[in-house]
Amino acid sequence: MQHLKFARIQPKSKVLLQFRITLLMIDAPVWRVIQVPEEFTFWDLHVAIQDAMGWLDYHLHEFRHEQRPAGQSVRFGIPFDDEEMIDPYLVPCWKVNISEHFRRPGDKMYYIYDFGDNWVHEVLLKGVLLREKGLKLPRCIDGARATPPEDCGGPAGYADLLEALANPASEEHEDIVEWLSESSQNGQPFDPARFDIEKIKFTNPAKRLKKLQENL
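Mapped onto the working numbering, the consecutive letters of the sequence shown carry residue numbers 11 to 226.
Derived by calculation from the structure, the hints in this document are not laboratory data.
Watch out, some of these pointers could steer you wrong.
Dumping the calculated DSSO-like pairs for lysine-lysine here, alpha-carbon to alpha-carbon at most 27 Å [what the hints assert, rightly or not]:
| # | residue 1 | residue 2 |
| --- | --- | --- |
| 1 | Lys211 | Lys118 |
| 2 | Lys105 | Lys209 |
| 3 | Lys105 | Lys146 |
| 4 | Lys136 | Lys220 |
| 5 | Lys143 | Lys24 |
| 6 | Lys146 | Lys220 |
| 7 | Lys211 | Lys143 |
| 8 | Lys221 | Lys136 |
| 9 | Lys221 | Lys105 |
| 10 | Lys105 | Lys211 |
| 11 | Lys220 | Lys105 |
| 12 | Lys209 | Lys220 |
| 13 | Lys118 | Lys105 |
| 14 | Lys143 | Lys209 |
| 15 | Lys146 | Lys209 |
| 16 | Lys136 | Lys118 |
| 17 | Lys105 | Lys136 |
| 18 | Lys24 | Lys211 |
| 19 | Lys146 | Lys217 |
| 20 | Lys221 | Lys143 |
| 21 | Lys146 | Lys24 |
Note that the coordinates shown come from a computational prediction; the quantities given were computed from them, not determined experimentally.
Please work from the sequences and hints to get the whole structure.
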């Protein structure tokens with residue numbers, strides 16, 4: 011793994027960026043609308059997406075311009091220092107500001123989380139807005155539905171989970187309910203339709219980056 015360096019601290023901008031984050035390849039849309047500072051790095055945006063969606067940051071991630079990586083396309087994530095795993099097109103996400111790639115409404119990238127389950131999110135810039143004085147960012151202003159449970163098998167596994175959950179007569183129903191109960195982070199039964207904006211708490215990306223560095 012490459013030695014991590016903190017992104018250079020940028021002065022606070024008077025502009026914020028508003029994104030719609032949509033989880034793709036599932037039937038019922040799971041989405042969030044978030045506002046972040048213009049000076050955010052891709053690492054900062056990664057942390058904000060994790061917090062807004064309700065992921066637990068258990069796995070690797072990267073940002074791409076294409077939904078599927080295409081040859082020599084540049085991506086932003088966490089590079090490895092192992093010679094056998096070095097990818098010259100994978101740039102440390104904490105070294106690049108999002109404003110270099112999101113300049114006007116309609117600009118779009120893809121955020122991939124957990125390369126095993128392969129959760130693909132569309133990251134769409136909806137607006138470049140003036141930042142009100144005293145406004146605390148990042149923040150989530152809208153959304154719908156619960157994020158799938160971690161390690162449930164990606165879009166196909168999640169579809170099977172929902173089918174079994176909705177059918178008490180299914181052979182898998184009892185096992186699914188038990189597994190969801192054991193993996194619950196808040197002690198509540200999993201409800202795919204639940205979205206509680208008041209429970210979204212954004213964590214400090216600098217502290218998360220420092221913790222990552224300490225665990226290398």
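Legend entry - Structure versus earlier hints - violations, ascending order: 2, 4, 8 and 20
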